[in-house]
Amino acid sequence: MSTTAFLTDSTLCIGCKACEVACKEWNQISEDGYEWSGHSYDNTQAVGHSTWRHVKFVENPVEIGLGGNSGEQLPAWGFSSDVCKHCEVAGCLEACPTGAIVRMEFGAVFVQPDVCNGCSYCVVSCPFGVVQKNEEDGRAFKCTFCSDRQKAGLAPACAKACPTESIKFGNLEELRLEAQLRVKELEARGIHDAVVYDPLDTSVKGIHALFLLRGDPRSYNLPPHPEVPTTYMKKGWTSAAIAAGVMLGATLLAFLGERR
Amino acid sequence: MSRVPLPEVPNRLPDVESERRLNEIRRTAAQSGMVTAKGVTPVGAPFPQASPETGYYGVPLLKEPQWTKEVPLYFFVGGAAGAAAVIASAAHLFTQDDDLVHSARWVAAAGGILSPALLTLDLGRPSRFLNMLRVFKLQSPMSVGAWTLTAFSSFSAAAAFANAIRQKLDSTPVYVLENIAGALATATGLVMASYTGVLIGATTIPVWNNNIETLPPHFAASGMNSAVSILELLGHENSRSLNLLGMAAAGYESLEGLMLETKRTRINEPLRKGKSGWIVRLGGVLSGPLPLALRIAYAITGNKKLRRAASWSSIAGSLLTRFGWVQAGHASAKDHRIPLELPESVPKVGMSSHELADMHMKMA
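Residue numbers (the numbering used here), protein chains in the order written: chain H, 1 to 260; chain Z, 1001 to 1364.
In short, the hints are calculated from the structure, not lab data. Heads up, a few of these hints could be off.
What the hints assert, rightly or not - Selected chain H positions facing chain Z (Cβ under 8 Å, derived; list incomplete):
#, residue
1, G15
2, S120
3, L256
To be verified - With a straight-line Cα cutoff of 20 Å, these simulated SDA-like cross-link-like pairs (lysine to any residue) come out:
#, chain 1, residue 1, chain 2, residue 2
4, Z, K1137, H, L12
5, Z, K1334, Z, N1210
6, Z, K1069, H, G138
7, Z, K1069, H, D137
8, Z, K1334, H, N134
9, Z, K1137, H, T230
10, Z, K1069, H, K234
11, H, K234, Z, Q1139
12, Z, K1334, H, E227
13, H, K235, Z, M1259
14, H, K235, Z, L1260
Unchecked claim - Computed, partial: chain H to chain Z, Cβ under 8 Å:
#, residue
15, E173
16, G215
17, L248
Ideal Cβ positions, reconstructed from N, Cα and C, are used throughout, including at glycine.
If we strip away everything but chain H, and leave its shape as in the complex, we get (with noise of 0.2 Å):
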């Protein structure tokens, strides 16, 4: 089976939500709240434990004649429909201590749950902020790539499910090339601030979700240089070692003094 990817364009998004909705459905998850977050007509608000699709709202400045909004003042839309980015190098699965994180043949990093025990390291190890424990639960969640319907041939439910195709589903390098190609298209169309959101030059090493966005991705909660914490490990591990053998060296030098 080839490596799989999604393709998230926000070029194309409508903000319908539909994603979110089929996403709950196929996998049974829970309601997530019902509030008023006041952020344009996002009140999700960020993936977590419930939601593995999540529609974001941008309102950015009048621009006439593009995206079909020409009111004087009424902000242009931006939508984007943010998800796990299945890391080629995940941060969530190296922390996790029980091997219950494992990485699919297509790509998919994928939360065993028969085997999460909950010790929500994964949490604190994702530079995106994705995987999220349910604390009700006592078990960590988060986007499964649909790792139920992969295997069976089928697409994803939130790619499925979405009416602009905005979502696409396919092959990762074919679908890095798409990109490329859209962003070459709006360019010839006069949308010059379009880019594609694919971090290959950081240690996550590259995703399996790429996005198409307009302007700086950080308007988006994505993260310029998103780095996978083992990177930093190699420092720590020598520190601590040094601090052992001072530890070490310390208490024998006390003990030393004493015998006389």
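Use these hints to put chain Z onto chain H, whose structure you have.
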């Protein structure tokens, strides 16, 4: 098992007062066809924006740590137990003070039993601890820690047990057994005292990973500080070596505190400001300069009260240090500006709904 309630995100819908005002405006609009007065200000207004300078409405990018209070408590207990095992072996090697060896072995063993219990409380179900023993992963500090703790618990308990038998029956095999178990407990104890620094350092939480180089020695010194103090309070108040070790640990903690106060980076802000800042600071004073001064004063005057005060201060300081660092991690995770590398010059506007939720929690 305590169930942590999810934070309530407050509604930004208008309240009774603003609803009344809205009705007034509607009435005016119906009567005169135009409203010139100011409208209603919703809770937390002005709302933060989504932009390259402000991030996504100030919603935190990273998730907060979800450990229960038992985890920082475990950092304290495990660190003290590990250091106690080191003291036991050194005292056994160089002194005739069998009482001290006995006490230190038992402190180590007690910590070795208490630690898995604390972690189990965090996980919620005893069998869940065993899940960590189905694999060994060098790239996961949590996995290395779980195995180290398991080994340490066994070795320290064996050493304490052999020591207890030796007190009644002095035979060579028991003596050899105690020494082997003691050596292994010392080796794993050294890891126990320092690995927790790597554990929190090798994460995405900025204030933790930014300090990964200084965290292991900081936690090791903190562990030694509390182990020495616990042994002193157990009656080993005349050991000159323990006082020396306590001085060394308090001295290192003073340097650490000085470093944290002078390294005034933006990432280190939770270590200086807010609730976490005060816990870290108080912990630093109680485990650094205060016991150091008291121990020096004791060495000069010989007043045992001073030394006892140093012991209590060190234990409280070590405990606060662990809680402070975990608390700082929470504050750091909530700051969306660091992982997004937002410009420092742009002032924060309004409150995100997460900050509002925090405010409501504090008020409740």
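Hint check:
no. : hint                : in the structure
1   : G15                 : violated (13 Å)
2   : S120                : holds (4 Å)
3   : L256                : holds (5 Å)
4   : Z:K1137 <-> H:L12   : violated (42 Å)
5   : Z:K1334 <-> Z:N1210 : holds (16 Å)
6   : Z:K1069 <-> H:G138  : holds (15 Å)
7   : Z:K1069 <-> H:D137  : holds (18 Å)
8   : Z:K1334 <-> H:N134  : holds (18 Å)
9   : Z:K1137 <-> H:T230  : holds (12 Å)
10  : Z:K1069 <-> H:K234  : violated (28 Å)
11  : H:K234 <-> Z:Q1139  : holds (10 Å)
12  : Z:K1334 <-> H:E227  : holds (18 Å)
13  : H:K235 <-> Z:M1259  : holds (18 Å)
14  : H:K235 <-> Z:L1260  : holds (19 Å)
15  : E173                : violated (27 Å)
16  : G215                : holds (7 Å)
17  : L248                : holds (6 Å)
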